[in-house]
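Residues per chain are reported as follows:
Number of protein chains: 2
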Amino acid sequence: MTNQTSFSLTCPIPISDYPTVQLAHGGGGRLMNQLIERMFGAAFGNPALDARHDGALLEMAGTRLAFTTDSFVVKPRFFPGGDIGSLAIHGTVNDLAMCGARPLYLSAGFVLEEGLAMEELWRIVQSMQAAAAEAGVQIVTGDTKVVDRGKGDGIYINTSGIGLVAEGRTIGPSQVQPGDAVLVSGDIGRHGIAIMAVREGLEFESAIESDSACVAGAVQALFDGGVAVHCLRDMTRGGMASALVEIASTSGRRVHIHETAIPVRQEVRGACEILGLDPLYVANEGRFVAFVAAEDGEKALAILRGHPLGQGAALVGTVGTQSDGLVTMRSAIGATRIVDLLSGEQLPRIC
Amino acid sequence: MTNQTSFSLTCPIPISDYPTVQLAHGGGGRLMNQLIERMFGAAFGNPALDARHDGALLEMAGTRLAFTTDSFVVKPRFFPGGDIGSLAIHGTVNDLAMCGARPLYLSAGFVLEEGLAMEELWRIVQSMQAAAAEAGVQIVTGDTKVVDRGKGDGIYINTSGIGLVAEGRTIGPSQVQPGDAVLVSGDIGRHGIAIMAVREGLEFESAIESDSACVAGAVQALFDGGVAVHCLRDMTRGGMASALVEIASTSGRRVHIHETAIPVRQEVRGACEILGLDPLYVANEGRFVAFVAAEDGEKALAILRGHPLGQGAALVGTVGTQSDGLVTMRSAIGATRIVDLLSGEQLPRIC
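Just so you know, the protein sequences line up as chains G and L, in that order.
Per the numbering used here, the very first residue in the first sequence carries number -2; after that it's consecutive.
Per the numbering used here, the very first residue in the second sequence carries number -2; after that it's consecutive.
It is worth saying that the hints were derived from the structure and are not from the lab.
Heads up, a few of these hints could be off.
Copies of the same chain look alike in the list, so a pair counts if it fits in one copy or across any two.
What the hints assert, rightly or not - Taking lysine to aspartate or glutamate pairs in the EDC-like style, the calculated list, with each CA pair at most 20 Å apart, reads:
{"id": "1", "residue 1": "LYS296", "residue 2": "ASP221"}
{"id": "2", "residue 1": "LYS72", "residue 2": "GLU116"}
{"id": "3", "residue 1": "LYS72", "residue 2": "GLU206"}
{"id": "4", "residue 1": "LYS72", "residue 2": "GLU197"}
{"id": "5", "residue 1": "LYS72", "residue 2": "ASP145"}
{"id": "6", "residue 1": "LYS72", "residue 2": "GLU200"}
{"id": "7", "residue 1": "LYS72", "residue 2": "GLU117"}
Let the sequences and hints guide you as you build the complete structure.
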């Protein structure tokens, strides 16, 4: 009952600011962070939640587990490179991998809208199973709810997951050290652009496919190669920029990146220009950022590039000695600027 | 990839039967069971899922865990005796307790509709935390998505949970034995009637409150008292009848109950008559059925009645020697009939 004493009848998000929930509260930017910190943090606060990691690290009867949850509301449900079913597996498996865990078991909770075509549900369910089999995880428990027509959008899927964390392994923002090398596992921005292209009816010379994939194997390759991995985060909602800002702010370390080192495919860059988006903030679903010990940077890069899901990996920055929790970026023309969260969101319902 | 070979392009729910998802597919009755077995079972099939229990029993690095998930879409969000927040905690904690587990950690996944009042979200979040604290569980990880106005219904909540299962304890349909005593932990039907009364604008002399509560303490009392507990199930969607039919059919045992022994409050019985409902099928959210060894029936009854959440407990039946997986009920006038699942659902969006 310890947390009850901190309850207040006053809503921690002032009505004068936001009387109601906005789309931007789910967008991975500053408003979402405020909602999570001020409301969920205030009510539920505990060490596991406060670590602000992709999942909770738990110790149960001597076994170290990671536990994570994600709901998927992506629109459209089918897109180049994936669908809501495969995405729901990749998203949660990747969150477990980001905790340094071996993903093992998933739950699946469906909120179906009355009128969803049975054939479509079957396609999605098959896609989930194919992705789960490929990731080596089992869907062991589930739940199905149906809501009336007009109270959903076909299908929403929640997946929660459990993974096993190796003895002695601690991965998270608290482990970030000055000097750490910062890597990204591949070119950024494809998932968000693939979704936007479908929504906006854009056509490119070749279709841009989502990068949606399970990255647990690439992470395991780093561990197997003896790399001192300090922190991992998948670059989903809010993109690479938001992942780095969250790690910098939680760890209190300065992260410095080089714009020219960040891998972005030409067609993604072009689409971003047309759509007025910054690729740094565009969502990925099969890309992660890794903070590793300074001396392991080159080794980590070689290992990632040798893995099918890390072929486009790049060293993009380092951790500085300042304790200001900021992300700074040196641009192509040599100017340095602070990278911040977007206040709202670029792309609603991207995952 | 073992399950992929069983995939078929043909949807396992024939289009001629149900081309689209119906409300009844989420109702806890026969249609929901068909959807789960034919579609989710066919795609995801594995021993943990196939056990058709309230949660999955897993062994991880020598630690025995229960893992479960539930989404909550109840309408209205606030009702006499609870709200969607407390319900989301009770539902998942109770599923863990039904696996014989000590509930420990929950995740919370929110799907918010654009426009939900912040104050209302705050009330729900506080209610979740109060229920979690009372149940002795922590909410350790979460996720927030926002969907556009008109694509949700204010708030849907998924909670998944992990609990610890004591060494050597096995609870589930497979443990049901001929001769077992069948108990219910209290009067039935109040949750469903409380919800319906609000929806239909019914007024009774005294408001009927939902029975929504965490029952883990009452279950623990049975274990502490040395009762040989064989199977437990909370009587949620589909009510007591569906819980018994599922256990009988999964275990292959005959379950025989006595209608006159089933505790139903007078006002619930009255409301059921007005609404044309059978209390046996009305949802509960703080009531469970327990199958215990024949010789422990009376002891279990005394223990439950001594617990605040089992004061209205009753011995309602026994397990027969037939292996037909049926539930039979002897009525007040002495006739015996088969109790079956409803094909659809009595009450949509009850939880």
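*Check LYS72 against GLU117 for me: Cα-Cα at most 20 Å, and say if that holds within a copy, between copies, both or neither.*
So LYS72 and GLU117 pass the 20 Å test inside one copy only (14 Å; across, 26 Å).
*asked:* My question is about LYS72 and GLU200: at a cut-off of 20 Å on alpha-carbon distance, are they close within one copy, between copies, both, or neither?
replied: Intra 18 Å, inter 42 Å, cutoff 20 Å: intra-copy only.
_Regarding LYS72 and GLU206, is the shortest C-alpha distance of 20 Å or less found within a copy, between copies, in both, or in neither?_
within (15 Å within a copy, 39 Å between copies)
*Intra- versus inter-subunit Cα pairing at 20 Å for LYS72 with GLU116*: within (18 Å within a copy, 28 Å between copies)
*asked:* If the cut is 20 Å between Cα atoms, do LYS72 and ASP145 qualify within a copy, between copies, both or neither?
replied: both (19 Å within a copy, 11 Å between copies)
*How do LYS296 and ASP221 come out at 20 Å by Cα distance, when the copy is not named: within, between, both, or neither?*
Classified as within; 12 Å inside a copy, 55 Å across copies.
*asked:* If the cut is 20 Å between Cα atoms, do LYS72 and GLU197 qualify within a copy, between copies, both or neither?
replied: within (12 Å within a copy, 34 Å between copies)
Taken one by one, the earlier hints all hold for this structure without exception.
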